[in-house]
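Could you put together the complete structure from these sequences and hints?
Start counting the sequence shown at 1; every next residue gets the next number (the working numbering).
Because the hints were derived from the structure by calculation, they are not lab data.
The model shown is predicted, which means the values in this text are computed figures rather than measured ones.
Just to be clear, a hint being listed does not mean it is correct.
Listed next, the in silico DMTMM-like pairs over lysine to aspartate or glutamate satisfying Cα-Cα at most 20 Å (straight line) [unchecked claim]:
| hint | residue 1 | residue 2 |
| --- | --- | --- |
| 1 | K164 | D121 |
| 2 | K165 | D78 |
| 3 | K164 | E108 |
| 4 | K165 | E77 |
| 5 | K165 | D121 |
| 6 | K57 | D78 |
| 7 | K164 | D78 |
| 8 | K57 | E77 |
| 9 | K164 | E77 |
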Amino acid sequence: MEARRALLDDSLAGAEIVARFDGTIVDVGSGGGAPGIPLAHAFPEREVVLLEAARRKCEFLERVAPANARVVWGRAEDQETDWAGVAVAKALAQPPTALEWCLPLVREGGAAVLWVGPSADRERIAAVAGRIAGELEDAPSGFVVVRKTGPTPPGFPRRAGVAKKRPLA
1 MEARRALLDD SLAGAEIVAR FDGTIVDVGS GGGAPGIPLA HAFPEREVVL
51 LEAARRKCEF LERVAPANAR VVWGRAEDQE TDWAGVAVAK ALAQPPTALE
101 WCLPLVREGG AAVLWVGPSA DRERIAAVAG RIAGELEDAP SGFVVVRKTG
151 PTPPGFPRRA GVAKKRPLA
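What follows is the structure in structure tokens.
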């Protein structure tokens, strides 16, 4: 019970940030559904896409997703670019890598919101953001917010696995 409450509270801690950006919410690497499912309940009028590469996890998500959430089995690198209002990720990868997977999904004016720990290297994150049409914004402790400032540059997202093997920063 305590773990569920902690996951729920942690997921909803980003709701105020997510609310600043209109449009579809995509939870990249949704896993067990956090933060995507709590955000879907918090924003019942918005579409939430739960993007997950592991089929087994998708089967679970399909059973528990609310009506406004759609489960997509696939990798971030294989999705269309520039379509979501906001991409969220929690415990996906190191923040610069997670950003490289999330920001290309977001349209100009939207943002990527990452749940991060206290050791997140904001300089590295800012360097990656600059290469993929993003700009680091001020954010509450525990979060990184990168606003999309233009269309996804040619060559991004890079092929599956490349961002993790050869990070941009």
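Here's how the hints hold up against the structure:
Between K164 and D121 the alpha-carbon distance is near 16 Å, which keeps this suggested pair within the 20 Å criterion. A distance of roughly 17 Å separates the Cα atoms of K165 and D78; the hinted pair therefore holds under the 20 Å criterion. Between K164 and E108, the direct Cα distance comes to roughly 24 Å. Violation of the 20 Å bound is thereby established for this hinted pair. For the proposed pair K165 and E77, the alpha carbon gap of about 14 Å is at most 20 Å, so the pair holds.
As the CA atoms of K165 and D121 are separated by approximately 18 Å, the hinted pair is consistent with the 20 Å bound. Of the supplied pair hints, the one linking K57 and D78 holds, its CA atoms being roughly 18 Å apart against a limit of 20 Å. At most 20 Å may separate the alpha-carbon atoms for a hinted pair to count; K164 and D78 meet this at roughly 15 Å. Distance check on the hinted pair: K57 and E77 sit about 18 Å apart at the alpha-carbon level, within 20 Å; holds.
Taking the CA atoms of K164 and E77, the gap is near 12 Å; set against the 20 Å cutoff, the hint holds.
In summary, the structure is inconsistent with hint 3 from the numbered list given earlier, while agreeing with all the others.
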